[in-house]
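Enquirer: Sequence:
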Amino acid sequence: MPRIVLAKPGLDGHDRGIKVVAMTLRDAGMEVIYLGLRQSVEGILLAAEQENADAVGISVLSGVHMAITSKLLIRRAELKMESIPVFVGGTISRADASELRRLGAADVFPVGTHLEDLARRVKIVISDRELALP
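Counting the sequence shown from 1 gives a position; this note's numbering is that position plus 1.
One or more of the hints may lead you astray.
What the hints assert, rightly or not - Below, a list of computed lysine to aspartate or glutamate pairs in the EDC-like style, where the Cα atoms sit at most 16 Å apart:
(1) K20 / E117
(2) K81 / E50
(3) K124 / D28
(4) K72 / E43
(5) K81 / D108
(6) K20 / E32
(7) K124 / E100
(8) K72 / E83
(9) K124 / E32
(10) K72 / E100
No lab work stands behind these hints: they were computed from the structure.
Work out the full structure, taking the sequences as your base and the hints as a guide.
Expert: What follows is the structure in structure tokens.
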């Protein structure tokens with residue numbers, strides 16, 4: 002069963018959306034570890050390591066998705082955890098979504114993404130990761 006760590010980094014205080022995503026991913030057969038609000042980049046990556054996660058998902062609705070995702074991806078590389086895909090959701094423009102993918106996000110889910118599509122895309126990335134592992 003794929004394991005995914007979900008978190009709300011930064012000062013964002015709205016978590017209804019990520020809780021719906023968590024339920025959707027559980028219903029799709031994944032084990033979800035939801036860390037909650039106001040998580041640090043370091044804490045998210047530590048949890049992913051401790052939980053032996055197959056992926057990490059963050060939700061950012063406060064408009065700081067570029068800065069937080071960049072910081073997370075840089076720290077992930079420093080910790081040699083690049084094999085763990087990072088998904089980003091939230092209030093994200095099309096241009097920012099393209100830039101986040103260019104920076105290394107596995108996929109980006111702007112507000113309004115259909116939940117079934119989100120679950121399908123997460124499963125595909127995790128399956129591809131498992132095939133690529135030695």
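Enquirer: Holds or violated: K124 with E100, Cα cutoff 16 Å?
Expert: 22 Å, violated
Enquirer: Compare the distance between the alpha carbons of K20 and E32 with 16 Å, and conclude whether the hinted pair is satisfied.
Expert: The given pair, whose Cα atoms are some 13 Å apart, holds under the 16 Å limit.
Enquirer: Has the given pair, K124 with D28, been kept, meaning a C-alpha gap of at most 16 Å?
Expert: 12 Å, holds
Enquirer: Given the hint that K81 pairs with D108, test it: the Cα-Cα distance must not exceed 16 Å.
Expert: Status violated; Cα separation ~20 Å.
Enquirer: Does the alpha-carbon distance linking K20 and E117 stay inside the 16 Å limit?
Expert: 15 Å, holds
Enquirer: For the pair supplied as a hint, K72 and E100, is the alpha-carbon distance within the 16 Å limit?
Expert: Since the Cα atoms of K72 and E100 sit roughly 14 Å apart, the hinted pair holds (cutoff 16 Å).
Enquirer: What's the verdict on K81 and E50, does the C-alpha distance respect the 16 Å limit or exceed it?
Expert: Distance of about 11 Å is within 16 Å: holds.
Enquirer: Would you check the hint for K72 and E43, treating anything up to 16 Å between C-alpha atoms as holding?
Expert: Holds. K72 to E43 sits at ~10 Å (cutoff 16 Å).
Enquirer: For the pair supplied as a hint, K72 and E83, is the alpha-carbon distance within the 16 Å limit?
Expert: 13 Å, holds
Enquirer: Please work out if K124 and E32 have their alpha carbons no farther apart than 16 Å.
Expert: 12 Å, holds
Of the numbered hints stated above, those contradicted by the structure are hints 5, 7, listed in ascending order.
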